[in-house]
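J.: Letter by letter, the chains look like this.
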Amino acid sequence: MAQQEMGYQDDNDGQERSLSEWQQELQTPFPRRPEWAGASVETSYAGPDLLYDPGYASHSARTLRHGDYTRRSAPLIDQVSNGWRNSEKTAGFYAAEPEDHDLRLCDLEDEGSCPNTTADLVRSRRFRRMLAVVLVAAVVLYYSWRWYLQPRLQEEWDLKQGFMPARSNGTYGIARAGHFEGTAIKWLDPELVPGGEGDSKGNRRLVFVGDIHGCKKELLHLLEKVGFDAKTDHLIATGDTVSKGPDNVGVLDELIRLKADSVRGNHEDRLLEAAKTLLGTNLPPESAAATSQGYAKDAKLLRELKPKHMRYLRDMPLMLRIPALPHASASRRKDKDRVHENIIVVHAGVVPHVPLEKQDPYFVMNMRSIDDRTHLPSALRETKKGKSRPWMEIWNWYNDRLFRGRSLKGFHLYSADEYEEEQLAESQGWLGSLWDGVFGTGKAKMKPQVVVYGHDSKAGLQMHRWSKGLDSGCVAGGKLTAMVLDAKGKTEIVQVGCKNYKT
Amino acid sequence: MKIALGVLICFPVLVRCIIGLPKVPDIPKLPKRDAPFQDVRTRLHRTHQDADEDSPEKYFHESTFHQHYDGRFADKKLNYDDRRKHLTALIQTYLSSMNDIGAETWIMHGSLLGWWWNRKILPWDSDLDVMVSEKSIHHLAQYYNMTVHHYQLPGLDEGRDYMLEVNPHYTNDSVESANKIDARWIDTDTGLFIDITTLRRNKTAQAQGIEGAMMVKDKHHYLYDDIFPLRETKFEGFPVKVPFAYSELLVEEYGERALTQMFFENHRFDPEKQEWVPLRYAADQHRLLPNGPLSHGTSYWGRRLPSDPG
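As you go down the protein sequences, you meet chains A and B in turn.
All letters in the first sequence, in the order written, are residues 9 to 511 by this note's numbering.
All letters in the second sequence, in the order written, are residues 25 to 334 by this note's numbering.
Incorrect hints may appear among the rest.
Stated by the list, open to error - In silico DSS-like links for lysine-lysine, alpha-carbon gap of 30 Å or less: (1) K100/B / K395/A; (2) K224/A / K194/A; (3) K144/B / K392/A; (4) K243/B / K417/A; (5) K144/B / K194/A; (6) K258/B / K284/A.
Everything labelled a hint here was simulated from the structure, so no lab data went into it.
Just so you know, these numbers come straight off a predicted model, no measurement behind them.
Construct all of the structure, not just a fragment, from the sequences and the given hints.
T.: Dropping the structure here:
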């Protein structure tokens, strides 16, 4: 019978036992599965029950051949224990039985199932520690991004966008803009530059004064405090030397006597324009009721001024430029007390990146803020739409960028030359720009400049790295400020108190 | 940009009073006179005004085909080039006459914007705006109302007549919707005109304490110190006056984009030539669309844009 069910016919490879011995061994009945064991779990197994199937015995007899021992006493089956029923099944077994696999995984009663293992994991200390660390790190990262990094990046981006053509269909500085009678840009006399041609020893100083507004006594007091010596020092006023104050003619006389330079402020502008209609006529003066209070006061002042005063006012340029001091020490990025670069003196402000010739004169004498996107200036501190910033903020950002040598790629261009340069730079490619980066371009790059201005008395003294605001509201009872610049580039602020002359 | 003035021939000799307002103080209520077509016609045979359409108190009547043409003198709208030419002549002759008369006048609104960009009229503008002071309008009304000034400018074929017509309602200080314009400088050949408005003292605002408040009948409000003292400059090659705080007035009226935007009304501002160049062709115009190539801007518009095929 065993032979019939064997099904292996061709393997007679020289066993030592005889056929009858084999038959004896194999005919011992298998032990019955005990009743208490219940139904076998593998009820779905369709194949032969390997252990209880007599045919299995023949299979195990075959495997015995590959082993090296022979057992004559008990069948191998006696040595087989049932401990396998309690152990875990292998993966191969699972693959054949998908339904049981699911039940096994989600079975809450089973210790090895998913929910139970997860619960164990969560309850474990180590896991909780790790989780806590990860959560804290995530929270810290998120808030540091939201409160610190993201606003700064956003700010940088917004500031940069104002210079790029992407968002606007044009920019300030393209149109012909306003009208200025007189010298728009004047360079300081080279003899007067500290450390320049006329001053090899470096004894000269430049004294910049904020809006004087006719406060002659305070001006003299300030010059005394500074130790002004007409032989070595040169006075530069930031405009608005007259109007509003007690002794306008006296201030002009003093400035003319000291041969001081000044830039044209909005009040001087008013006087000069009014002079065209008022001077040289014998018409009776217009009252404040027919015109306005400011106009009437200007008319009154004009009658007091003499031709030499008018000439002095007309000679005031819109912007005064001072070259970088030759003896100044090397400049650093954040040094507010030194000036090493070119200086531009204006009354109210300039718009960054726009060439000086293209700046509208009215805005140069009146601006306090700049529109975010179009960079159009405004005399107001905040425009109605609320999208403006103080102009010196953008000026400082821009010049800091120039100082660090960051690229101006993509910024507005205002002339054919700039365009040609940009085209050249683009055509070079990455290798060319790498070469430039290492060996320098050899072309003159834009250099940062320092602006000295007045006009904004509400803001008061504003000393930043690239902009120095000197109007501290003297005529309204504030202070009169002077900034003294010596040949080494060091600046010093000197102030005197003022009486309130505003009626 | 500079027009040679040396060849300017003008004949301000003929100052005809077509309608004279006799001053008869005993009769207080004289009916307001009009300047009907039959009295002032030049070359047209029928008027293109429709006075019945306007409200009864309205003095000036625009033409039926366009609001910027006077129907007594115009029968059709001019094309782009002709209109530009004639508007230029209009402002030049106006400034010349006012200078001769000695009336204080200055450019405002659209004309001021054109001045700011390149000292010329904006090409898409079909009218011009000027202002006069109260004293000037009184002077013009009393001595120069309905006067005709003959000019022959170089570039225009024959001489033409320009008429100054003052609205009798100019004496009314309050805001009137029907009579916002106080006077007109009219080209009697083409029907184009300049709107003249008066800057008046705003008595109510001044009573409330706003110092230097001024107003115009077309509901604009200004401050005295923003307009005066006037600046002397040039416009279309002729001496002109502009308000003191011109940039602020422009920004207030038109916004920041008007002073910085280079693409407007199918025109592009060429920074090199400093001129508004029309984009005549569809190929150019599509570039102005929101997602077109120009919407991302260009670094130097003068070069990167295609040249005008026209």
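J.: So, for every hint listed, does it hold in this structure?
T.: How the hints compare with the structure:
1. Among the hinted pairs, K100/B with K395/A is inconsistent with the structure: their alpha-carbon atoms are about 45 Å apart, more than 30 Å.
2. Straight-line distance between C-alpha atoms of K224/A and K194/A comes to about 26 Å, which keeps the hinted pair within the 30 Å bound.
3. With a C-alpha separation of about 29 Å, the suggested pairing of K144/B with K392/A holds against the 30 Å cut-off.
4. Proximity of K243/B to K417/A is assessed by CA-CA distance (about 46 Å); at most 30 Å being required, the pair is judged violated.
5. Our distance criterion of 30 Å between C-alpha atoms is met by K144/B and K194/A, whose separation comes to about 29 Å.
6. Between K258/B and K284/A, the direct Cα distance comes to roughly 16 Å. Compliance with the 30 Å bound is thereby established for this hinted pair.
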